[in-house]
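All chains should be modelled from the sequences, with the hints used to inform the complete structure.
There are 2 protein chains.
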Amino acid sequence: MTDRVEKILQGDVTTAAKLISEIDNGVPTAFEALRDLYPHTGHAYIIDLTGPPGAGKSMLADGIIQNFREKGKQVGVIAIDPTSPFTGGAILGDRVRMQRHGTDSGVFIRSLATRGHFGGLTQSTNAVLWIMEAMGKDIVIIETVGVGQDEVDIGRTAHTTIIVMVPGMDDEIQLMKAGIVEIGDIFVVNKADREGTEQTILDLQTMIKMGRKFKPGNSWVPLILQTVAISGTGVLELAQGVYQHMNFLQMENHIEKHNRERLKYEFLNIAKSCITHFIMEELKQGEGFDNILDQMIYGKIDPYSMVEKVFTRNHLCQVGTVWDVIRPSKPESVKEGQG
Amino acid sequence: MTDRVEKILQGDVTTAAKLISEIDNGVPTAFEALRDLYPHTGHAYIIDLTGPPGAGKSMLADGIIQNFREKGKQVGVIAIDPTSPFTGGAILGDRVRMQRHGTDSGVFIRSLATRGHFGGLTQSTNAVLWIMEAMGKDIVIIETVGVGQDEVDIGRTAHTTIIVMVPGMDDEIQLMKAGIVEIGDIFVVNKADREGTEQTILDLQTMIKMGRKFKPGNSWVPLILQTVAISGTGVLELAQGVYQHMNFLQMENHIEKHNRERLKYEFLNIAKSCITHFIMEELKQGEGFDNILDQMIYGKIDPYSMVEKVFTRNHLCQVGTVWDVIRPSKPESVKEGQG
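Heads up: the sequence lines are chains A and B, in that order.
Every number in this note's numbering is 1 more than the matching position in the first sequence, counting from 1.
Every number in this note's numbering is 1 more than the matching position in the second sequence, counting from 1.
Just so you know, not all the hints are guaranteed correct.
It does not matter which identical chain is used: a pair holds within one copy or between any two.
What the hints assert, rightly or not - With a straight-line cut-off of 30 Å between C-alpha atoms, the simulated DSS-like cross-links for lysine-lysine are: (1) 265 to 8; (2) 265 to 310; (3) 273 to 301; (4) 258 to 273; (5) 258 to 72; (6) 310 to 273; (7) 258 to 285; (8) 310 to 258; (9) 310 to 285; (10) 74 to 19; (11) 19 to 72; (12) 310 to 8; (13) 285 to 273; (14) 301 to 265; (15) 258 to 301.
The hints are simulated quantities; they were obtained by calculation from the structure and are not laboratory data.
What follows is the structure in structure tokens.
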């Protein structure tokens with residue numbers, strides 16, 4: 002075991018921060034460290050805190066962190082920021098509000114500005130999660146804006162998913178997040194001193210009734226809480242809600258189910274990144290991707306048949322199977338729920 | 002060639018609608034029809050019209066459609082709605098506003114309510130696109146809400162990407178779409194009679210200056226237009242803007258580059274769906290996914306090494322290569338741009 006792996010296991014913040022940077026920059030030895038840390042992961046309780054920008058997530062996180070710290074828990078925060086390849090870094094925004102914990106050695110906060118790096122958002126998040134778990138964090142809060150499939154996947158594999166909304170937002174914007182609404186364990190209507198709070202709660206109740214099927218532990222009845230984060234109203238109740246859900250999952254033996262789900266996603270994500278690379282390499286060495294594109298662009302062969310051709314050649318599928326694989330079926334998660 | 006393929010080539014709306022339903026329902030013969038139609042595709046001009054719900058996209062689409070119809074062009078519209086697995090169908094909303102074209106045989110409108118079906122959003126969209134092209138549509142407008150990687154990919158491979166914004170939206174919500182902002186060819190500030198229009202235009206100018214690198218034809222200087230869709234103000238200018246960009250791409254020979262990009266995405270998406278299926282099947286027949294998860298969950302082997310193990314066994318990669326593939330690098334599109 003290298004010196005730095007040992008330091009991270011002892012919770013050294015500087016070494017951990019350096020490793021995260023190295024992973025961001027693609028330093029090969031960083032991966033070795035990650036691999037060495039892996040056996041020391043899998044023990045943290047993961048909370049996904051999601052909601053639109055400006056809903057007050059960071060202030061609520063602050064309240065939850067404080068509560069866990071008072072109980073002597075070590076906390077990690079991964080703040081995932083929507084970002085663009087050209088900005089190159091995280092948009093800071095209200096993240097600074099959490100900085101009062103910045104001097105507390107029991108709290109480790111990292112912003113992730115990623116999309117298209119390190120095989121995608123899920124993988125970057127998991128790498129930082131490994132490091133935080135290895136550092137001995139008991140709780141890791143992942144803060145997301147809740148758009149995109151990657152983020153829904155992160156929410157689906159977290160132990161507790163908290164969805165933050167604000168009253169009076171355009172209904173359609175709220176609907177956009179329907180995919181993530183299904184996986185919410187705790188719903189928070191923040192800024193609940195504003196007009197429209199009751200309507201938002203009614204809407205939430207309807208949505209929850211409509212179904213919540215994709216997460217282990219679905220006999221849990223989601224909580225709907227009201228907070229005014231800026232004055233601290235309801236924040237204690239939120240922290241208590243998290244404990245309540247945590248106890249529920251522990252009693253029902255759902256913690257491991259969540260961990261398995263997360264590993265499954267992680268494995269498949271890594272596999273997909275690798276296979277894309279494999280296919281591209283194969284095409285480069287074979288007839289060349291340009292040649293393949295030429296054939297498709299002039300209508301000689303359609304993309305499905307072309308995939309079949311390349312895959313059959315590499316013994317990855319049999320003739321006539323591509324359509325069977327691709328053709329519509331029930332969403333994967335539903336099927337898995339039945340198995 | 003089957004009777005129905007011939008009918009679709011003649012532009013028969015009923016037959017086309019039926020085929021789209023069959024594709025949605027996974028009828029095997031639907032794929033054969035799709036394959037037969039493929040050689041007749043690749044000729045339409047594709048417009049991606051994207052922006053948040055409520056920004057007025059459908060009304061702007063209406064204006065663009067009318068303009069193209071007056072010039073005798075056949076138009077197809079694919080409206081992609083954010084949806085949840087539990088709603089099961091598209092959220093209709095303001096789609097009805099386009100219905101005045103519903104009785105015009107030169108306009109064919111389909112809503113797509115998809116995520117997790119037919120191998121993902123991109124593939125469903127492409128299937129409907131094929132059918133519309135085969136029907137002889139000159140122009141296909143794809144309306145999206147512009148969140149998620151799939152939708153950014155759709156925008157990246159469209160010929161003209163129109164991004165609709167409204168003044169006074171929370172700045173951060175606008176930033177959320179930074180990924181898609183880079184691929185905009187025409188920016189529309191709709192509801193431009195509202196306060197905050199000037200600020201939104203200034204913000205846009207800044208963003209555009211910061212870079213627009215991922216699309217063929219990037220020497221194009223994006224247009225920033227103002228509209229008030231509800232009164233028709235600026236809609237003609239928008240239609241003219243589309244023609245202007247179309248002419249630019251034709252002069253610069255960029256149309257084929259876009260088509261190649263789209264086929265490339267399509268091919269890779271199909272390949273990824275197939276390989277995921279292949280891996281899952283392989284794992285089922287081999288030691289079983291549960292066994293693999295057990296090994297990972299008890300910290301015996303990390304997910305990267307596990308992927309490497311499974312892939313090496315199937316001659317899909319060599320030992321020690323997984324990290325090289327996964328580790329962070331410049332976004333794929335940037336690299337491709339240099340190649």
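My question is about residue 273 and residue 301: at a cut-off of 30 Å on alpha-carbon distance, are they close within one copy, between copies, both, or neither?
both (28 Å within a copy, 22 Å between copies)
With identical chains treated as interchangeable, where does the CA-CA distance between residue 310 and residue 258 reach 30 Å or less: within a copy, between copies, both, or neither?
Only across copies: residue 310 and residue 258 sit 24 Å apart there, 38 Å inside one copy, limit 30 Å.
For the identical chains here, do residue 301 and residue 265 meet the 30 Å Cα criterion within one copy, between copies, both, or neither?
between (38 Å within a copy, 15 Å between copies)
Under a CA distance limit of 30 Å, which applies to residue 310 and residue 273: within one copy, between copies, both, or neither?
both (19 Å within a copy, 14 Å between copies)
Have a look at residue 258 and residue 285 and pick one of within, between, both or neither, based on CA distance no larger than 30 Å.
So residue 258 and residue 285 pass the 30 Å test across copies only (19 Å; inside, 41 Å).
From the Cα coordinates, with 30 Å as the cut-off, is the pair residue 310 and residue 285 best called within, between, both, or neither?
both (15 Å within a copy, 24 Å between copies)
Within a copy, between copies, both or neither: which one fits residue 265 and residue 8 at a CA-CA cutoff of 30 Å?
Only inside one copy: residue 265 and residue 8 sit 29 Å apart there, 45 Å across copies, limit 30 Å.
30 Å Cα threshold - placement of residue 72 relative to residue 258
within (26 Å within a copy, 59 Å between copies)
Intra- versus inter-subunit Cα pairing at 30 Å for residue 258 with residue 301
Answer is between; shortest inter-copy Cα gap is 18 Å, intra-copy 47 Å.
Intra- versus inter-copy proximity for residue 8 and residue 310 (alpha-carbon distance at most 30 Å):
Answer is between; shortest inter-copy Cα gap is 29 Å, intra-copy 51 Å.
What label fits residue 285 with residue 273 when the C-alpha limit is 30 Å: within, between, both, or neither?
So residue 285 and residue 273 pass the 30 Å test inside a copy (18 Å) and across (17 Å) alike.
How would you classify residue 74 and residue 19 at a CA-CA limit of 30 Å: within, between, both, or neither?
Answer is within; shortest intra-copy Cα gap is 23 Å, inter-copy 58 Å.
When each numbered hint is compared with the structure, no violation occurs for any of them.
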